[in-house]
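With these hints in hand, go ahead and build the complete structure from the sequences.
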Amino acid sequence: MTAPPPAQNDPPLGDAPVTEEGLVRVMGTRALSMGIVNMIIGAGIFVLPGLIAELLGPAAIIAYLVCSVAVALVFLCLAEAGSRVSRSGGTYAYIEDAFGPYPGFLASVLLWFGWGILSNAAVAIALVEVVAYAFPAFNSVGPRSVFLIALFAGLGALNIRGVRWGVRFSVVNTYAKLVPLIVLVVFGVFAMDWDNVVITEMPSLASIGAGTLMLVFAFGGGEIALNAGGEVKNPSRTVPLSLLIGIGIVFVTYVAIQGVAQGVLGPELAVNLEAPLIATAERAFGPWGRTFMLVGAGISILGVTSGHVLNHPRAVFAAARDGLLPSKLAAVHPRFRTPHYSILFCVTITCAIALTGAFRTLAIVSSGSLLLLYLGCSLAVLRLRQLDRTPKPGTFVIPGGWTVPIASSLVVLWLLSNMSATEATGLAGLLVVASGVYLALKRGR
946 MTAPPPAQND PPLGDAPVTE EGLVRVMGTR ALSMGIVNMI IGAGIFVLPG LIAELLGPAA
1006 IIAYLVCSVA VALVFLCLAE AGSRVSRSGG TYAYIEDAFG PYPGFLASVL LWFGWGILSN
1066 AAVAIALVEV VAYAFPAFNS VGPRSVFLIA LFAGLGALNI RGVRWGVRFS VVNTYAKLVP
1126 LIVLVVFGVF AMDWDNVVIT EMPSLASIGA GTLMLVFAFG GGEIALNAGG EVKNPSRTVP
1186 LSLLIGIGIV FVTYVAIQGV AQGVLGPELA VNLEAPLIAT AERAFGPWGR TFMLVGAGIS
1246 ILGVTSGHVL NHPRAVFAAA RDGLLPSKLA AVHPRFRTPH YSILFCVTIT CAIALTGAFR
1306 TLAIVSSGSL LLLYLGCSLA VLRLRQLDRT PKPGTFVIPG GWTVPIASSL VVLWLLSNMS
1366 ATEATGLAGL LVVASGVYLA LKRGR
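Numbering (our numbering), first residue to last: 946 to 1390.
Quick caveat, the hints were computed from the structure, so don't treat them as lab data. Idealized CB from N, CA, C, for every residue including glycine. This list has only true hints and no planted wrong ones.
FRET-style restraints, in silico, Cβ to Cβ:
#, residue 1, residue 2, range
1, Q1331, A1095, 49 to 59 Å
2, Y1047, V1124, 44 to 54 Å
3, S1090, S1365, 23 to 33 Å
4, Y1047, V1143, 45 to 55 Å
What follows is the structure, encoded as structure tokens:
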């Protein structure tokens, strides 16, 4: 991902206010809004339109709206928690400071494994599906397995050698993911059959819940942009306004993409589950559209995968450094100065899961992990307020007292209730195993 661009109305550094931690408040509404947009729009939107259409048909817009509101509520909670907790660690640091080491450990596992590893495995599967759309041989187990092993071996080796290439590639990835989506929406609208987007019947609440739960996979990631909260100008105004603008842009973009795909393919969208946008571009523009979207989707999804391999081992490294995981994972390569054991650990597990998993299941379970983190952070706001009744100047406080944290918690619980028994069991099993590891580590100290 690219760094958020500076706002045009930002003052020079010499005139900008400085926080107690020494950070300069120079990030304005435009910068934070675009940071949120860039962190959210990723691989999910290239795959999910078909799955959402399968559940909701033309009524998919309802799930996008519900998910946008839910994410906005959660992000407000994350913004306040982040302004109250100054140390690194993000969501797991907020939960640990609010509730103690055991919930913090569970949060760290949900962050690096439940969301990081599982979502990256799902993204890798999506990449294989894109490749298989162009080269059907990759639908077979053998070529598929070779591709995934080579993918993670290559990304792991490159990341061990250094991070500079990954940072440069993120710039390419930003354009690669946005250009084909913009072209599809702007020109695809002329190939739409508008009868295909008419909502003829309202879906059930259960279907809306299931669709919204799946969309969490496509809306996750924006919380990373809020980690720069200490560098935001006038946070009490900038944060909520940026959230409204950023999530509004994502909502409009996603609905436009879903609408064009639905309008072009109609009922066929619900059966194009592996590469729905490629099928849409092929129908709308012909062979060149298919090639254009194939290349764009492939580069974009590869970029997201490489971003995961770049970032999530650092979460494992941080957890090991804090004593939450074996100390070996906190080792740094003597030559390349990278967390090589954490990288090897992450790519090995991710590859193994991608070889045996399915996109839909992994997307939902990883979304469930992220939702548990969101729930913990929403509740953490209430606890942090109790622990810090007189926050330091500049702390962002959500207007409305307890209303937003409570509403956020209730919405997240409703979304979690839409998981199937199998998915919920898998998520619960992860927490049980993590609890066992925590007890073992605690006894070993």
